[in-house]
Amino acid sequence: EDQVTQSPEALRLQEGESSSLNCSYTVSGLRGLFWYRQDPGKGPEFLFTLYSAGEEKEKERLKATLTKKESFLHITAPKPEDSATYLCAVQPESNYQLIWGAGTKLIIKP
Amino acid sequence: EAGVAQSPRYKIIEKRQSVAFWCNPISGHATLYWYQQILGQGPKLLIQFQNNGVVDDSQLPKDRFSAERLKGVDSTLKIQPAKLEDSAVYLCASSPGLAGNEQFFGPGTRLTVL
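So the protein lines, in turn, are chains E and Y. So the first sequence is numbered by this note's numbering: it starts at 6 and just counts up by one. So the second sequence is numbered by this note's numbering: it starts at 2 and just counts up by one.
It cannot be assumed that every hint is accurate.
Computed cross-link-like contacts, EDC-like style, restricted to lysine to aspartate or glutamate with a CA-CA straight-line distance of at most 16 Å [unchecked claim]:
{"id": "1", "chain 1": "Y", "residue 1": "K45", "chain 2": "E", "residue 2": "D7"}
{"id": "2", "chain 1": "E", "residue 1": "K68", "chain 2": "E", "residue 2": "D87"}
{"id": "3", "chain 1": "E", "residue 1": "K62", "chain 2": "Y", "residue 2": "E103"}
{"id": "4", "chain 1": "Y", "residue 1": "K79", "chain 2": "Y", "residue 2": "E103"}
{"id": "5", "chain 1": "Y", "residue 1": "K45", "chain 2": "Y", "residue 2": "E86"}
Heads up, incomplete: computed chain Y residues facing chain E, CB under 7 Å, no partners named [to be verified]:
{"id": "6", "residue": "Q42"}
{"id": "7", "residue": "G43"}
{"id": "8", "residue": "P44"}
{"id": "9", "residue": "L46"}
{"id": "10", "residue": "D58"}
{"id": "11", "residue": "L92"}
{"id": "12", "residue": "L99"}
{"id": "13", "residue": "E103"}
{"id": "14", "residue": "F106"}
{"id": "15", "residue": "G107"}
{"id": "16", "residue": "P108"}
{"id": "17", "residue": "G109"}
No wet-lab data here; the hints were simulated from the structure. Glycine included, C-beta positions come from ideal geometry on N, C-alpha and C.
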């Protein structure tokens with residue numbers, strides 16, 4: 006069964022304290038892995054798509070990496086405005102449906 | 002570029018009542034999705050349209066939920082009758098195509114069933 010597990014469920018960091026969020030997945034053939042950010046009361050906002058193991062993408066203080074079993078979202082020197090829930094989703098080769106993790110709630114304290 | 006529009010933003014109903022949600026996707030986007038997001042969980046796909054045809058509705062509770070996308074543009078999702086467990090945020094998203102494309106989400110409709 007295709008599934009996505011994100012850890013930790015919640016993460017509290019001080020401003021400037023770098024860390025990583027984990028997304029572990031099992032899927033029979035990966036079409037793509039997606040990272041989204043969701044602020045309270047809003048819909049998810051797209052961050053990255055990764056397609057193959059070894060691929061990396063960066064955007065400001067965020068960097069996403071992909072292996073055959075997991076993806077990491079690295080946050081370097083975070084600011085309070087990076088506080089949000091970060092969602093990971095995979096799209097299997099067998100269909101076009103996204104399978105979502107439950108998310109990691111990130112809180113950055115000033 | 003205008004984003005995905007949804008209405009209403011909030012809805013409170015009694016169980017066994019009916020409710021409908023409306024979504025207008027980004028202009029030109031062929032694919033439209035309806036998701037259910039329960040508090041503390043990731044979105045769960047209910048139905049996916051490509052133009053005005055259904056691509057995937059395997060997780061749609063068809064005994065009470067229905068959706069349509071007439072003319073391949075805007076869409077409505079209906080629940081009839083509602084149950085307590087339907088309390089959730091209903092998200093609409095659109096994308097240019099099916100495979101590997103980022104999805105653009107609307108703000109969602111928060112439904113409370115009492």
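Hints and how they fare:
no.	hint	verdict
1	Y:K45 with E:D7	holds (14 Å)
2	E:K68 with E:D87	holds (13 Å)
3	E:K62 with Y:E103	holds (15 Å)
4	Y:K79 with Y:E103	violated (26 Å)
5	Y:K45 with Y:E86	holds (14 Å)
6	Q42	holds (5 Å)
7	G43	holds (3 Å)
8	P44	holds (5 Å)
9	L46	holds (5 Å)
10	D58	violated (11 Å)
11	L92	holds (5 Å)
12	L99	holds (4 Å)
13	E103	holds (4 Å)
14	F106	holds (3 Å)
15	G107	holds (5 Å)
16	P108	holds (6 Å)
17	G109	holds (5 Å)
In this structure, the hints that do not hold are numbers 4, 10, in rising order.
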